[in-house]
Amino acid sequence: MPDEEGPLLEVSGVVKRFTGVLALDRVSLELAPGEVHALVGENGAGKSTLIKVITGVYRPDEGTMRLAGRPADFAGPLEAQRAGIQAVHQEIGLVPALSVARNLLLGREPRRRFGTLDVGRMHREAERILASYGIDVDVRRPLRSLGVGVQQMVALARAVSVDARVVVMDEPTSSLEPREVETLFGVVRRLRERAVSVIYVSHRLDELYRICDGVTVLRDGRVVHQGPLADLERLRLVSLMLGRPVSDVRAGGVTRFSGGHDAARETPVVEASGLTRRHVLDGVSVAIRPGEVVGLGGLLGAGRTETAKAIAGALPLDDGRVTVAGTPLRRGSAAAAIRAGVALLPEDRKSEGVIGTLSVRENIALAALPRLSRAGLVSEARIDRIVETFMRRLRIKAAGPHQRVAELSGGNQQKVLLARWLATEPKILLLDEPTRGIDVGAKAEVQALIDELARDGLGVLLISADLEELVEGSDRVVVLKDGAVVGELSGGDLTEERVMTTIADAGGGVSR
Amino acid sequence: MTESMTATAAVTEPAAGPTGRERAFGLIQRHGAAAVLVLLVAIGSFAFDRFPTGANLGNIAITSSFLAMVALGMTFVIITGGIDLSVGSVFALGGVLAAYAVRWGSLAALLLPLVVCGAFGLVQGLLIARVRLAPFIVTLAGLLGARGLLLSISGEGSTTYLIPHGALIARVGQGSVFGIGYPVYLTLALFVAGAVLLQRTRFGQCVYAIGGSEDAAELMGVPVTRTKVAVYVMSGLLAGLAGTLNAARLSSGVTILGTGMELDVIAAVVIGGTLLTGGAGSVSGTVAGVLLLGVIQNLINQIGDLSSSYQQVVSGAFLAAVVVVQTYLSRVQRLR
Amino acid sequence: MTDTAAVPVSRLDRGRLLAWLQDYGVYAAIAALVLVNIAITPRFLSLENLRTQLVQVAPVVIVSLGMALVIGTEGVDLSVGSVMALTAALIPLYLGYGVVPAVVAGLLGGVAVGLVNGSLVAFVGVQPIVATLALFVGGRGIALVVAGGQLKDIHDQTLLDLGSSSMLGVPLPVVVAVVLTVVVMAVVRRTTFGRRLVAIGGNRTASELSGLPVRRVLLLVYVMSGLLAAVAGTLATARLQASDPSSLGLLMELSAITAVVVGGTPLTGGRVRVLGTVAGALLIQLVRATLIKHDLADSVAQMVQAVIILAAVYAARGAGRR
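Chains as they are written, first to last, in the UniProt record's numbering: chain A, 1 to 512; chain B, 1 to 336; chain C, 1 to 322.
Hint data in this document are derived by calculation from the structure and do not stem from the laboratory.
Misleading hints may appear alongside valid ones.
Among the chain C residues that face chain B by a calculated CB cut under 7 Å, a handful are [claimed, not checked]:
# : residue
1 : V130
2 : L144
3 : V145
Ideal placement from N, C-alpha and C gives every residue a C-beta, glycine not left out.
Whole structure, please, built from the sequences with the hints as guidance.
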């Protein structure tokens with residue numbers, strides 16, 4: 001029996017390193033029985049690493065965990081599950097092709113005498129479990145034929161129906177309808193009544209304040225704040241997450257941006273209007289003029305990446321249009337956008353950017369191949385020239401142009417991608433987290449380069465979770481929240497504090 | 001279930017369930033082969049006097065039964081998202097081993113192939129599930145290895161071991177009740193057992209779960225490695241058994257059998273509605289797929305002036321149609 | 001420098017060793033086998049023996065070149081053997097109009113199969129293994145139907161010359177194989193198509209986001225594979241002096257895949273090793289020839305081949321893990 005007085009889950013001094021990088025630095029966390037605890041932080045703060053340590057996916061390098069007063073050292077997620085720690089993941093950890101009932105009861109199906117499954121009882125059981133959470137679906141249907149919300153509820157029901165003591169919910173509402181969110185909250189409240197503790201990971205501040213008791217804010221692998229959520233002001237929470245003190249108006253001089261381009265009065269080179277996609281974007285409009293750096297502000301999941309992808313023709317849209325230099329783009333065609341001069345540096349370098357099996361040279365030449373070849377034959381000389389130019393200009397550190405890209409550091413991979421796009425002579429650069437995960441030196445170089453490119457007349461869209469980088473690097477910042485534009489800041493208004501207050505105060509997306 | 005209409009529930013699946021088109025695709029995928037089979041049998045019975053006779057149907061059944069046994073194992077393998085290219089060689093190996101071992105009695109003629117072929121599946125399964133090599137390549141190597149083993153037993157294919165007519169195993173392979181050979185009954189029994197195993201046991205649930213999403217299955221506590229090894233062992237055993245019975249029926253271990261059989265088997269399984277991507281499929285669909293191929297061959301034989309090669313053309317075309325529909329179907333589902 | 005992190009270094013060394021094996025193991029193995037053969041096989045280096053070996057391996061090399069391109073895109077083409085049969089079946093039908101129309105008809109058969117495969121993979125989105133399985137089954141059937149299921153002797157001398165004549169002492173099939181190897185190498189290294197092909201195999205999402213014409217490239221890759229298999233079918237038919245659609249090219253898909261994998265092209269795509277593929281085909285031929293010459297028959301040859309394949313993928317897997 002868990003001691004009613006002591007904490008149910010006790011994480012103390014957990015350290016986790018990945019090849020030299022400190023992902024978690026002496027993180028401690030206490031969870032009282034029945035507590036709903038918010039875990040927040042921006043990308044790379046260490047949230048997912050902490051969750052993985054708690055759910056047994058990773059073993060901590062240092063530090064200990066105790067569950068109900070007993071030491072907990074899990075060899076794998078299965079052991080954690082058996083001990084009563086369940087996780088409901090963003091990417092629903094169920095099998096889409098199986099029926100709802102089979103997913104719900106996989107591994108503990110009711111059986112008859114000869115070990116065969118009692119399907120009738122299985123269905124009744126599944127219906128009973130789901131009904132107790134107010135979910136009413138045909139349990140014989142394959143899971144994937146149901147809405148994402150219902151799928152998530154099934155995952156949750158599975159997690160908590162196996163004697164869970166701690167449930168970790170990772171962005172549980174990211175794809176739910178408002179009505180489904182209410183149901184989810186109902187489930188969370190029921191869990192609380194049963195003294196089950198919940199770790200609730202979300203970026204939706206409204207939700208956190210509605211449902212959570214305590215909060216832990218992580219940044220760069222460290223706990224920067226811990227305590228009751230009700231005592232924490234919204235603005236302060238945002239500033240803690242983004243790592244910028246509220247009073248600190250402008251530190252200045254840390255980034256390599258010179259600031260202030262001649263945001264010419266010219267007509268915009270790209271105009272996106274009314275970009276809409278269910279659950280993701282809600283009528284976002286952005287215009288960028290030549291020589292201007294437009295920042296996209298907002299928390300994770302606000303729709304920044306999606307906006308950039310939509311402009312680049314890489315995200316199917318329900319509505320909205322993008323025009324480049326006055327010509328409308330064919331919707332949903334990346335090739336058409338590239339031909340028109342749009343270049344997207346994707347957020348996920350590894351899976352959407354570099355082609356690891358190829359060399360630096362081939363990666364740089366890839367998108368510009370039509371210009372670097374004649375009659376389908378590649379001009380090696382022209383490629384050499386371009387590759388050499390960009391390797392020098394961007395100071396790409398590689399053993400040579402023929403080194404495999406997979407062997408380069410993150411910063412140099414990023415520069416290779418930048419070179420790939422610059423080689424196409426684009427009109428607009430969409431930079432999605434261009435300096436994330438690269439070392440300080442490379443970061444300064446990339447920042448200086450963005451500046452330089454804008455001065456040369458490129459339109460730049462900059463997405464960065466680093467508020468300082470965003471504010472100092474941009475001429476104008478469009479703030480998004482829950483997929484909608486909630487404000488635009490420029491000139492004297494463009495301060496870190498104003499960005500944070502805009503995020504904290506705004507009502508949020510229309511769909512919510 | 002009328003209780004699904006209760007109005008109090010907070011979350012009910014919206015009325016926009018599967019669309020008519022989607023449902024139709026689902027039906028086609030699951031029962032398409034069976035429907036075409038019924039259609040073909042009807043046409044055949046109508047068009048050819050000699051088609052619906054007991055002797056002819058019994059003949060279709062017995063010739064299909066060996067392919068069916070192998071396809072049963074393949075169904076399990078494919079549902080886990082794997083593939084077994086070695087079954088043709090293992091089938092031939094089983095036959096040769098049976099004929100080789102019959103000198104020690106019928107029991108040996110049954111057990112030796114099962115042990116060797118089962119061990120063969122075990123090794124492949126371990127390489128796939130534990131060492132994590134690609135199933136395609138491991139079983140490709142298995143295809144060559146099994147045939148090499150077979151050739152070395154049979155003096156490079158020059159020795160054909162015979163099974164004497166009096167041997168018990170020969171009688172099992174050749175005997176019949178009500179005009180239908182014993183192997184057909186055995187195949188039916190195996191399919192019933194296979195269907196129960198797949199649909200009505202935890203093992204079957206694990207097989208589906210692994211094919212649907214191996215990572216999720218792992219997180220949900222499915223013994224992934226063990227289950228995967230088990231399906232390759234099953235596939236080896238069934239191919240060996242089919243080879244043994246086939247040899248018993250032919251009274252000899254023919255060394256050149258089974259070449260290219262793996263792809264016929266895969267075709268039958270896929271036509272039967274099992275997705276090569278894993279996670280979906282059924283034993284009954286495989287029966288329909290195998291019988292469909294058998295009936296096509298038989299009908300083409302009935303049309304006297306058509307060469308039997310039309311069978312391959314028709315089954316190839318049918319396979320192409322099936323995979324196009326399947327791909328389209330899964331895309332419709334993914335887009336939702 | 002001496003005692004820093006001894007354990008990771010040795011692990012790295014193992015990865016490096018496997019990577020080296022993946023890249024160059026096939027050449028080392030060939031060199032070793034050649035040396036062994038010079039030592040133990042009488043008249044191994046005789047012109048007669050070399051000619052026989054090379055003529056035998058030429059069709060495998062040609063088919064493997066196409067297979068290497070397909071595998072470079074993370075696909076596979078099971079229909080190559082059936083394409084060879086189809087070509088063999090088509091040629092005699094048009095021999096009456098002359099050798100050129102007959103060969104063109106045979107090659108067009110391969111192109112047609114490639115178009116179907118490529119459309120299924122690129123536009124419908126079928127997994128390559130299934131898409132090409134359909135024509136693996138159906139292709140040979142079509143060939144047999146076209147040929148009336150019969151083996152036909154070929155008497156046209158021009159066509160027969162394709163299989164048996166020599167150019168500067170080198171048998172024509174070998175010349176063709178060499179020329180095609182050079183062509184495919186040039187395609188991979190020097191054309192936008194080649195660059196795009198490996199990029200798509202390496203990272204399809206990134207390729208799409210970089211605006212590459214992914215579908216067109218995939219279609220063309222399967223067409224090339226079909227065409228190359230048809231060339232191999234033509235040469236093999238000429239050498240056989242007969243059109244034999246029922247057995248020509250049987251198991252060819254497996255030999256070709258083996259050659260490609262042994263040659264160091266990863267099944268996961270993103271890389272095409274043309275010379276490695278040729279070497280892979282040669283190695284397997286050499287293993288066979290060696291074992292058979294020394295009365296270690298086909299059975300052992302096949303088992304050895306199985307071990308070589310497993311070793312090749314194991315090396316690739318270890319190398320990929322670095």
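Each hint tested on the structure:
1. V130: Because about 5 Å separates V130 of chain C from the closest Cβ in chain B, which is inside the 7 Å limit, the hint holds.
2. L144: 3 Å, holds
3. V145: It holds, given that the least Cβ distance between V145 of chain C and chain B is near 5 Å, below 7 Å.
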